[in-house]
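Sequential numbering of the sequence shown, starting at 662, is according to the working numbering.
Read the hints as simulated data drawn from the structure, not as lab findings.
Hints should not be assumed to be uniformly reliable.
[Claimed, not checked] SDA-like cross-link-like pairs, simulated, lysine to any residue; straight-line CA separation at most 25 Å:
| no. | residue 1 | residue 2 |
| --- | --- | --- |
| 1 | LYS912 | VAL847 |
| 2 | LYS749 | ALA715 |
| 3 | LYS914 | GLY667 |
| 4 | LYS749 | LEU917 |
| 5 | LYS749 | LEU696 |
| 6 | LYS912 | GLN827 |
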Amino acid sequence: MRELAGAGHEVTNVDNQRPKQSLPGNFIRVALSDLGAVYDAVFQVRPDVVCHIAANPAPSGDARADVFTNNVLSSYHVFQAAGDAGAKRFVYASSEMATGWITTEELPTRFPFDETERVPSPNAYALSKFIGEVLADGMTLRYPDMPIVSLRINNVIAPENYHWLQDRRDDYPNGGSFNFWSYIDVRDVATAFRAAAEGDTTGHEVFLIAAGDTCLHVPLADALTARYGENAAARIVPGHDPFGSAFDCGKIKQILGWTPQHSWRTEETPA
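Work the whole structure out from these sequences, hints included.
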């Protein structure tokens with residue numbers, strides 16, 4: 662919200678709890694599982710752009726059925742209300758887990774991998790995020806004047822929590838291997854949302870977003886070999902930066918001009 666407000670946009674936060682920190686704009690308390698309340702909130706504002714971030718934010722901590730039901734149903738409600746209210750753009754917070762790769766022991770055919778690579782997932786959270794993308798495909802048919810962007814967000818790290826990445830390095834090669842040692846700074850997530858909100862796209866576009874590097878001091882090839890065996894590193898495409906991310910974010914750079922600006926390698930962890 663700070664990123665969008667700072668760029669001159671009028672913002673309204675719709676959530677089931679008032680935020681503890683001070684944020685710009687207005688606030689409306691809504692449970693997104695309540696379709697009528699969602700409609701009331703959206704039609705109060707009649708926004709040009711809707712950024713849908715609210716969800717069970719993690720693959721653990723709640724019953725699987727609750728995670729799946731809440732995430733899918735709330736997304737459907739917000740998609741429909743936004744479309745009926747005449748929103749001109751919609752940005753959906755998908756997840757790296759929608760790729761399926763980081764919920765199984767299978768590996769992509771290449772590193773870095775892009776949006777075209779996906780494997781079925783047994784994980785309720787991953788499924789809910791992917792189903793959200795499927796909903797977006799359908800909603801752009803129902804509401805052709807409301808383009809949708811789905812951001813497959815990597816593991817989000819705030820600057821004050823960069824020490825979490827050190828914890829992963831300390832547990833090499835297993836630490837951080839769940840998503841191939843990737844991450845994204847929360848400030849880069851904010852700029853990606855702004856790029857998507859302000860961008861010029863049609864239909865439904867899916868973008869991976871991640872930091873440009875891994876969280877490791879060792880090359881990605883060494884980490885893949887240590888964690889997955891000697892043949893894994895052969896999947897790295899020729900010319901890839903040895904410390905570059907396993908996620909290929911070239912599509913969003915090409916279409917929306919977004920690139921990550923923050924890395925643990927160049928920023929000190931706040932005391």
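Going through the hints against the structure:
1. Between LYS912 and VAL847 the CA atoms are separated by roughly 20 Å; this keeps the pair inside 25 Å, and the hint holds.
2. As the CA atoms of LYS749 and ALA715 are separated by approximately 20 Å, the hinted pair is consistent with the 25 Å bound.
3. Between LYS914 and GLY667 the alpha-carbon distance is near 22 Å, which keeps this suggested pair within the 25 Å criterion.
4. Among the hinted pairs, LYS749 with LEU917 is consistent with the structure: their alpha-carbon atoms are about 17 Å apart, no more than 25 Å.
5. At most 25 Å may separate the alpha-carbon atoms for a hinted pair to count; LYS749 and LEU696 meet this at roughly 20 Å.
6. With a C-alpha separation of about 29 Å, the suggested pair LYS912 and GLN827 falls outside the 25 Å cut-off, and the hint is violated.
Hint 6 from the earlier list is the only one contradicted by this structure; the remaining hints agree with it.
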